[in-house]
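Protein chains in written order, with numbering that gives the first Met the number 0: chain A, 0 to 123; chain B, 0 to 526.
Careful, some of the hints might be misleading.
Unchecked claim - Example chain B residues on the side facing chain A (calculated, C-beta under 7 Å, incomplete):
#, residue
1, N225
2, A285
3, N289
4, E293
5, Y300
6, L301
7, H305
8, P306
9, S307
10, N309
11, R325
12, C327
If you're looking for bench data, these hints aren't it; they were derived computationally from the structure. Just so it is clear, CB atoms sit at the ideal spot from N, CA and C, and this is done for glycine as well.
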Amino acid sequence: MVQRKPIILCVDDEANPLLLRKLVLEKLGFIVVTAASAAEALKIFNSIKIDLILSDQLMPGVTGTQLARQVKALCPGFPVVIVSGVNQAPADCEDADLFISKLEGPAAVSEKIYSLLGITPGQA
Amino acid sequence: MRNADKVNILMVDDQPSKLLSYEVILRELGENLIQATSGKEALEHLLRQEIAVVLMDVSMPDIDGFELAEMIRQHPRFQKTAIIFISGVHLSDVDRIKGYQRGAVDYISVPVVPELLRAKVSVFAELHRKTRQLERLNQELEFRVAERSEELRERAELLELASEAIVVRDLEGAVKFWNSGAEALYGWSREEILGRKLHDVLKTRFPAPFLEIQAALATTGTWSGNLVQTTRWGGEIVVACRKSMSPQRQAVLEINRDITAQLRAEEALRRSEKLAAMGRVAGIVAHEINNPLEAITNTFYLLRDHPSLNDEARTLARMGEQELARVCHITRQTLSFYRESQHPMPVSITDLLDDVLDLQSRSLELNAIQLEKHYRSDAKVEGFPVELKQVFLNLIANAVQAMPTGGRLRVKVCASRANGRPPGALVSITDNGVGIPPHLVKHLFEPFFTTKSTKGTGLGLWISKGIIQKYEGSLRCRSVAVSGGKATCFSVFIPGAAEPTSARRKMTPLPEVPELATVARRSVGSA
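All chains should be modelled from the sequences, with the hints used to inform the complete structure.
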């Protein structure tokens with residue numbers, strides 16, 4: 000049981016969407032750290048304790064699902080959520096725990112993250 | 000003279016000296032000279048080889064000239080052999096007539112004038128040679144005729160073997176020839192159709208005015224184009240037709256190839272290419288639109304309760320957010336996620352319908368629509384849940400939209416074994432909403448047909464039908480006036496419910512086709 004606010008590592012190569020997503024998640028009750036690439040995300044993942052990774056799928060270099068695979072290799076069972084604007088789920092989307100459309104809206108996204116973490120917003 | 004062209008001249012005399020003198024006279028003709036000293040010897044030569052001219056003495060011991068001539072003539076082979084008599088004594092006219100009756104063709108009297116003998120023999124030798132050549136030519140000709148007849152017979156057999164319909168008609172249109180390909184294609188036997196008007200029987204529809212076709216036939220001798228014709232069984236077929244005018248301009252040959260299946264396959268290919276192209280466009284649009292949409296949605300989310308906003312600004316932000324929600328909704332509906340397994344799986348139609356009805360429960364409530372569920376079969380089929388869900392979501396959302404002032408929605412599922420169809424699941428979705436006028440029903444499944452003006456994409460039912468056809472099923476609509484209103488029923492038949500593992504194995508999901516347009520056309524009233 001997480002007693003404090005959950006810490007989310009938010010990954011996106013585009014600065015504006017990343018900042019906005021961070022602000023929304025903070026408003027929804029999460030603590031958010033950000034990374035602009037999968038490489039940076041892995042560095043953070045190895046240095047501080049976080050509860051979940053929320054990554055964009057299409058990024059230059061390593062994609063969201065590739066990042067998920069690397070994280071799972073380091074720490075099996077660690078929750079990774081992919082958000083994407085494209086229609087088709089990538090073939091390797093099995094590496095992620097969840098694949099969420101960017102259009103689902105803040106409320107649905109937070110609900111799904113809380114449910115994946117096994118907590119309700121009130122408990123945080 | 001070549002040896003082969005030489006003819007044989009048989010000289011018959013009991014006196015060797017006379018034979019010698021004839022030989023001297025005739026040598027310069029260059030023919031083969033054969034000597035015989037008796038009638039018996041002469042006959043032996045005649046039987047052994049072909050003789051052109053027989054030169055014989057009338058008076059010989061044993062068999063005389065007249066007797067020999069008679070024997071020669073009796074044999075069919077020698078009836079045309081020229082016989083020249085040489086007579087040592089003066090011949091009376093009676094003798095001459097006797098000779099002619101026995102088959103002589105000429106007489107030479109002694110003393111023999113060498114030039115005269117040579118000239119006469121030469122004429123008959125030449126005559127024989129020509130006759131022989133003529134016979135040879137004749138034989139050759141007969142052989143060629145036989146060969147040609149064989150060729151024609153073979154061609155006629157090939158015409159029969161051809162899978163194309165080969166028809167000859169006269170200029171008035173009456174059928175003169177009808178091969179078995181035509182029998183197979185049109186169903187009319189040769190006996191039934193010979194003499195009847197071809198294009199009347201086949202109810203031919205021409206791609207151009209008939210006069211133009213006739214004019215083309217008259218000037219160039221040929222015409223080709225696609226014809227729509229009706230078979231004996233009443234089915235319409237499309238044939239690629241080549242017409243040619245006969246050289247004597249008395250008849251028209253038509254060779255027709257059935258291209259109905261080919262055209263259908265091409266149409267299906269065009270349709271699937273169109274779908275794939277739309278899928279690609281949707282993918283690109285989705286990526287470029289969805290990313291900024293998320294950012295804007297998040298912006299408004301942060302903005303709406305922002306403490307710095309006064310009431311007016313907050314109202315404006317709310318309005319912006321609401322409009323944005325509409326954009327997101329339509330984008331999600333039309334370009335939304337397509338997450339689908341590569342292999343068909345068992346799908347429970349009733350579970351699927353329950354999911355869809357759950358999604359629609361709020362709409363049903365808001366529109367005061369009463370739901371009646373009749374599940375008489377759990378109807379499992381092999382397939383892809385997402386696309387099947389898309390079909391039912393589309394049909395149910397349409398039904399809901401057709402009842403803006405409330406009504407009844409009936410969803411019925413049963414196992415179907417009717418009408419010689421394979422077993423399968425039959426789902427019907429019936430509403431008592433605004434109805435669809437009969438003249439619009441037939442356009443419902445055409446792409447970009449919508450009755451909802453700007454709100455519908457006009458693709459929902461078209462895509463749904465495409466999905467159901469992929470399952471070799473059917474999607475039909477009936478809209479009728481009933482007491483106190485209208486009833487509109489969409490029925491979906493999906494085969495394979497009884498044997499979930501058979502037949503569906505070859506199926507793959509539609510490539511790159513997103514869930515285009517679950518927001519659909521229809522519901523005339525809201526248009």
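| Hints breached by this structure | As far as the earlier hints go, 1, 7, 8, 9, 10, 11 are violated by this structure, in ascending order.
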